[in-house]
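Trainee: Taken in sequence, the protein lines are chains A and B.
Taking the working numbering, the leading residue of the first sequence gets 1, the next gets one more, and so forth.
Taking the working numbering, the leading residue of the second sequence gets 1, the next gets one more, and so forth.
To be clear, the hints were calculated from the coordinates, so they are not data collected in a lab.
Don't be surprised by glycine CBs; every beta carbon is placed ideally from N, CA and C.
Treat the hints loosely; a few may be bogus.
[To be verified] Partner residues aside, some chain B positions facing chain A, computed with beta carbon under 8 Å: (1) Cys31; (2) Ala33; (3) Cys34; (4) Ser35; (5) Val37; (6) Lys42; (7) Ala43; (8) Gly44; (9) Pro46; (10) Leu51; (11) Gly86; (12) Ser128.
[Claimed, not checked] The calculated DMTMM-like cross-link candidates involving lysine to aspartate or glutamate, where the alpha carbons are at most 20 Å apart (straight line), are: (13) A:Lys185 / A:Glu211; (14) A:Lys620 / A:Asp658; (15) A:Lys414 / B:Glu91; (16) B:Lys55 / A:Asp493; (17) B:Lys54 / A:Asp495; (18) B:Lys42 / A:Glu596; (19) B:Lys42 / A:Glu362; (20) A:Lys414 / A:Asp493; (21) A:Lys601 / A:Glu624; (22) B:Lys55 / A:Asp495; (23) B:Lys130 / B:Asp148; (24) B:Lys42 / A:Glu503; (25) A:Lys601 / A:Asp631.
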Amino acid sequence: MAKVGVYVCHCGSNIAGVIDVEAVRAFAETLPDVVIARKDLFMCSDSGQEQIKQDIRDGLVDRVVVAACTPRTHEPIFRAACEAGGLNKYLFEMANIRDQASWVHPHDPEGATEKAKLVVASAVGKAKFLQPLEDKFVNVTDAAMVVGGGVGGIFAALELANMGHKTYLVEKEPSIGGIMAMLDKTFPTNDCSACILTPVMVDAAAHPNIEVMTYSEVVGLDGYIGNFTVKVNRKQSYVDWNKCTGCGACAEACPAKAGDEFNQGLNDRPAAYIQFPQAVPKKAVIDMESCINCAGRKIGSEPKVSKKTGQPMLAPCEKACPADAINRSLAHDPAGSIEEVNVGSIVVATGYKVMEKESFKEMAPESPNVVTALQLERIISATGPTGGKLLRPSDNKKPKTINFVSCVGSRDEKHHTHCSRVCCMYMIKQARLIKEKYPDINIYMHFIDVRTAGKDYDEYYTGARKMGINILRGKVGGMEILPDDRVRVLGFDMDQQEPVEIESDLVVLATAIELPKSATTLGQTLGLQFCGSGFFRELHPKLGPVETSTRGLYLAGCCQGPKDIPDTVSQAKGAAAAAAVPLAQGRVKIEPILSEVQPEKCSGCGICVPLCPYNAISLKEWGERPRAEIDITQCKGCGVCTTACPSSAIRLHGYEEDQIMAQIAALTS
Amino acid sequence: MSLKLKKENIDEAVRTIMELGGKGILNCVQCGACSAVCPGVKAGFPVLCRLLIKKLTTGQLEEIIEEPSSWGCQACNRCTEVCPQGVRPQEVVFAFRRYQANEMAISTSTTTSQMNFYETGHAVYTESSKELRKQVGLPEAPPTTVSDAQGLKEIQTLLENSPMGELGFF
Ligand SMILES: Cc1cc2nc3c(=O)[nH]c(=O)nc-3n(C[C@H](O)[C@H](O)[C@H](O)COP(=O)(O)OP(=O)(O)OC[C@H]3O[C@@H](n4cnc5c(N)ncnc54)[C@H](O)[C@@H]3O)c2cc1C
Ligand code: SF4
Ligand code: SF4
Ligand code: SF4
Ligand code: SF4
Numbered sequence: 001m002a003k004v005g006v007y008v009c010h011c012g013s014n015i016a017g018v019i020d021v022e023a024v025r026a027f028a029e030t031l032p033d034v035v036i037a038r039k040d041l042f043m044c045s046d047s048g049q050e051q052i053k054q055d056i057r058d059g060l061v062d063r064v065v066v067a068a069c070t071p072r073t074h075e076p077i078f079r080a081a082c083e084a085g086g087l088n089k090y091l092f093e094m095a096n097i098r099d100q101a102s103w104v105h106p107h108d109p110e111g112a113t114e115k116a117k118l119v120v121a122s123a124v125g126k127a128k129f130l131q132p133l134e135d136k137f138v139n140v141t142d143a144a145m146v147v148g149g150g151v152g153g154i155f156a157a158l159e160l161a162n163m164g165h166k167t168y169l170v171e172k173e174p175s176i177g178g179i180m181a182m183l184d185k186t187f188p189t190n191d192c193s194a195c196i197l198t199p200v201m202v203d204a205a206a207h208p209n210i211e212v213m214t215y216s217e218v219v220g221l222d223g224y225i226g227n228f229t230v231k232v233n234r235k236q237s238y239v240d241w242n243k244c245t246g247c248g249a250c251a252e253a254c255p256a257k258a259g260d261e262f263n264q265g266l267n268d269r270p271a272a273y274i275q276f277p278q279a280v281p282k283k284a285v286i287d288m289e290s291c292i293n294c295a296g297r298k299i300g301s302e303p304k305v306s307k308k309t310g311q312p313m314l315a316p317c318e319k320a321c322p323a324d325a326i327n328r329s330l331a332h333d334p335a336g337s338i339e340e341v342n343v344g345s346i347v348v349a350t351g352y353k354v355m356e357k358e359s360f361k362e363m364a365p366e367s368p369n370v371v372t373a374l375q376l377e378r379i380i381s382a383t384g385p386t387g388g389k390l391l392r393p394s395d396n397k398k399p400k401t402i403n404f405v406s407c408v409g410s411r412d413e414k415h416h417t418h419c420s421r422v423c424c425m426y427m428i429k430q431a432r433l434i435k436e437k438y439p440d441i442n443i444y445m446h447f448i449d450v451r452t453a454g455k456d457y458d459e460y461y462t463g464a465r466k467m468g469i470n471i472l473r474g475k476v477g478g479m480e481i482l483p484d485d486r487v488r489v490l491g492f493d494m495d496q497q498e499p500v501e502i503e504s505d506l507v508v509l510a511t512a513i514e515l516p517k518s519a520t521t522l523g524q525t526l527g528l529q530f531c532g533s534g535f536f537r538e539l540h541p542k543l544g545p546v547e548t549s550t551r552g553l554y555l556a557g558c559c560q561g562p563k564d565i566p567d568t569v570s571q572a573k574g575a576a577a578a579a580a581v582p583l584a585q586g587r588v589k590i591e592p593i594l595s596e597v598q599p600e601k602c603s604g605c606g607i608c609v610p611l612c613p614y615n616a617i618s619l620k621e622w623g624e625r626p627r628a629e630i631d632i633t634q635c636k637g638c639g640v641c642t643t644a645c646p647s648s649a650i651r652l653h654g655y656e657e658d659q660i661m662a663q664i665a666a667l668t669s
Numbered sequence: 001m002s003l004k005l006k007k008e009n010i011d012e013a014v015r016t017i018m019e020l021g022g023k024g025i026l027n028c029v030q031c032g033a034c035s036a037v038c039p040g041v042k043a044g045f046p047v048l049c050r051l052l053i054k055k056l057t058t059g060q061l062e063e064i065i066e067e068p069s070s071w072g073c074q075a076c077n078r079c080t081e082v083c084p085q086g087v088r089p090q091e092v093v094f095a096f097r098r099y100q101a102n103e104m105a106i107s108t109s110t111t112t113s114q115m116n117f118y119e120t121g122h123a124v125y126t127e128s129s130k131e132l133r134k135q136v137g138l139p140e141a142p143p144t145t146v147s148d149a150q151g152l153k154e155i156q157t158l159l160e161n162s163p164m165g166e167l168g169f170f
């Protein structure tokens, strides 16, 4: 007969604040097969765990039920305690009396206590039928992938590579660098963004363990932790990157025009272009969407021969290229070429986008002198459209009055309820940079409240006040376009309790940070979850900040939520450390809570095969006839197959029929 | 003098306003966007939208009962448009007005319009308009309730049976 020990936790006041713990303990004692029932303030503490171990060692118990907070965080802890005491760790069962009783019924202590008793009875019912199980292990591929080549992705890749793991760095744009590469200077030290980022980009590209795959996107994922197969689409650039030297001659010759993404659409770039001067790799691409097929050189065709000269008539880009790298005779393949890469773990660092000003009709988006903060970043950058001179877009004149508007689309239930976290700081940065260079410019900054919580950040803010930058507390309600391309800002001064109107030559909107649409598609491809704010969801907001609910997939940077560069880099290094664990161990554990087909019972009907959401089941020859077989590396233990099998041939270990029936009996008797 | 915050007063103020239609009052984060665009605030009625909400959520319901600002609201609803928290401040302003009316703390400017409305069916109806109409060749009385006794009677009946009538106004 099973000897079940029940341990009821107070969880401080989490459980005991609502539930009568002693009543639950006393009730547990009366249940069949229960030999001992104890309680503790914190069962997960050293002393609580020691009690379990001691009872096992003393031979008092051989099944353990802990009634406590939640298996999500604590099941591994108690399983380990059982193991340390000398008991198979799968002879443990958790009764979740916090999430399922005290937390959901805080105003009904008696009801909650009764419910907790039932939950415990059900766990005890199951416990006596538990059977020992063994962990399984599979080997891993010693390589990692980092998706997204912003500052987060670059640091994650460098970290993994430095630990000795082959790392693929996949970036959808022609160059790595992300948004940090677009910034002028960076708070709180005001060092030049390109100056600190470019060397790191070069390091990553030159690292013997890193393979940079730019102009590429992840389009498929198969496998599981330790053994992923990733499909990467390498977009067609029509330029042979082995030959291209990055001289830029094609870009100079190309007459076609399209909005320059790197300069936030403030100017045009040609169809043949290099993304930005410090691009890594510094290679040209031809963007077929904007190419105008000069000289009738349609892509994928042979050049026409000139009647006059008898020479082939080439497009300007082809002609200009001294390295002969452009080949317009290549057939156009919009799908690109697919490469399959095998890796053991994946870090996702796909970053963010800022909302466009067009989303805010009350902020006069039709005025060229209303710009987003990222556009201003390009306007004041030495590599930007004005060569670093502060000129307003409508007439290229120096503005006399500038207004900064915070929380545009952030902290707003019509757009995003979250705080975008970096705007206060980057607006103060931009205001300071402008004031330093042009002390005569009037600067007004409108904040709901100023959020500068970081090392040296508040000093940065008070410094801005000392420089004579005007700070107004109050959200801007709207704007009106005035003659001369000026803009009237309708603000509010909370301290004086007065509305204020400021005529402005240039208005800068700190628009919200959000996950780009492309990332949503990627998230679905990889099977990531999304949080309430629309970013990728981490495993646990406090204790699993870089992990995801899919083992082997990790998160870094702004794709997990808005953050600045210091936080992005810290998280990237953390994600790399977590992603390196399975690679360093060389094998990964698979929990045995998996389904198994009993071949002698299986009729080979195949009903389970299409039902399995993880494609884990296939029909295999067994004796003479086909039988279902489950691949343990694919099975997630969801149990769909067990319920579907007409011959009851499939067992889900850890959730066997007798165990479930005993739970039901305990709940209904 | 400093403000004394009392839980009972706060609860009562918030409950009163919610019951009278200002359901979003507790959503307010005091960002000030509503006041930035409110024509009433710009015209010098400070205790509208944001500040009215602030005073109510600190429990000053009775202290501001005679406040004339609320009667300056034009019901333009710009505040509702710009509020990032879905407070619908105009509804709070109107809820407060209802409270003021129930307590007979109605500004004189408003009583005159109410009486006008009862007597002519127009909140704004002046003698000078008769003159103007004549000048442009129109009959002195417009073809509305002013010259339609039956219609005016209907309006009066409606008003008498409304909460306004219960206040004993007419
Ligand atoms: C105006 C402005 C000023 C700022 N100033 C500062 C500052 O001064 N100091 C500071 O600390 N922070 C600043 N920040 C914040 C800073 O930009 C971010 O913290 C940082 O860029 C985050 O890096 P990331 O790698 O997470 O994302 P990103 O820089 O967005 O990089 C993500 C990369 O992933 C790529 N990618 C996206 N989707 C895919 C896909 N499906 N497949 C492959 N690749 C993909 C993108 O092309 C991009 O290269 C500022 C932000 C703004 C908007
Ligand atoms: S053919 Fe070459 S030069 Fe002409 S638009 Fe296209 S990329 Fe530019
Ligand atoms: S338990 Fe779920 S994942 Fe495993 S084989 Fe059955 S259906 Fe597939
Ligand atoms: S509706 Fe009233 S309170 Fe709101 S903005 Fe208009 S006048 Fe002001
Ligand atoms: S706009 Fe909305 S949240 Fe902001 S102060 Fe007005 S009512 Fe409050």
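Trainee: Are the hints correct? Go through all of them and say.
Mentor: Hint by hint, here is what the structure shows:
Proximity of Cys31 of chain B to chain A holds as hinted, the smallest CB-CB distance being about 4 Å (cut-off 8 Å). The beta carbon of Ala33 of chain B comes within 4 Å of a beta carbon in chain A, closer than 8 Å, and the hint placing it at the interface holds. The interface hint given for Cys34 of chain B is met, as the beta carbon of that residue sits about 7 Å from the closest beta carbon of chain A, less than 8 Å. Given hint, Ser35 of chain B at the interface with chain A, holds; its Cβ is 5 Å from that chain's nearest Cβ, closer than 8 Å.
With 8 Å as the threshold, the beta carbon of Val37 of chain B comes within range of chain A, its nearest partner Cβ sitting at about 4 Å, so the hint holds. Interface hint status for Lys42 of chain B: upheld, as the beta-carbon distance to the closest one in chain A is roughly 5 Å, under 8 Å. Contact between Ala43 of chain B and chain A, as hinted, is not supported at the beta carbon level, the nearest pair being about 10 Å apart and thus beyond 8 Å. Among the interface hints, the one on Gly44 of chain B is violated; its C-beta lies about 10 Å from the nearest C-beta in chain A, farther than the 8 Å criterion.
Because the closest C-beta pair between Pro46 of chain B and chain A is about 6 Å apart, less than 8 Å, the hint holds. At about 6 Å, the closest approach between the beta carbon of Leu51 of chain B and any beta carbon in chain A falls short of 8 Å, and the interface hint on this residue holds. Contact between Gly86 of chain B and chain A, as hinted, is supported at the beta carbon level, the nearest pair being about 5 Å apart and thus within 8 Å. Taking 8 Å as the C-beta cut-off, the interface hint given for Ser128 of chain B is violated, the closest approach to chain A being about 33 Å.
Our distance criterion of 20 Å between C-alpha atoms is broken by Lys185 of chain A and Glu211 of chain A, whose separation comes to about 29 Å. With a C-alpha separation of about 28 Å, the suggested pairing of Lys620 of chain A with Asp658 of chain A is violated against the 20 Å cut-off. At roughly 18 Å between alpha-carbon atoms, Lys414 of chain A and Glu91 of chain B fall within 20 Å of each other, so this suggested pair holds. Distance check on the hinted pair: Lys55 of chain B and Asp493 of chain A sit about 17 Å apart at the alpha-carbon level, within 20 Å; holds.
With a CA separation close to 13 Å, the supplied pair Lys54 of chain B and Asp495 of chain A stays within the 20 Å bound. The hinted pair formed by Lys42 of chain B and Glu596 of chain A fails the criterion: a straight-line CA distance of about 74 Å is larger than 20 Å. For the proposed pair Lys42 of chain B and Glu362 of chain A, the alpha carbon gap of about 18 Å is at most 20 Å, so the pair holds. Distance restraint check for Lys414 of chain A and Asp493 of chain A: the Cα-Cα separation of roughly 23 Å exceeds the 20 Å cut-off, and the hinted pair is therefore not satisfied.
About 14 Å separates the Cα atoms of Lys601 of chain A and Glu624 of chain A, which keeps this hinted pair within 20 Å; it holds. Between the alpha carbons of Lys55 of chain B and Asp495 of chain A the distance comes to roughly 15 Å, so the proposed pair stays at or under 20 Å and holds. Simply put, Lys130 of chain B and Asp148 of chain B have alpha-carbon atoms about 16 Å apart, close enough for the 20 Å limit, and the pair holds. Taken as a hint, the Lys42 of chain B and Glu503 of chain A pair is honoured in the structure, with Cα atoms around 16 Å apart against an allowance of 20 Å.
Of the pairs offered as hints, the one joining Lys601 of chain A and Asp631 of chain A holds, with about 18 Å between alpha carbons and a cut-off of 20 Å not exceeded.
Hint violations for this structure: numbers 7, 8, 12, 13, 14, 18 and 20, all remaining hints satisfied.
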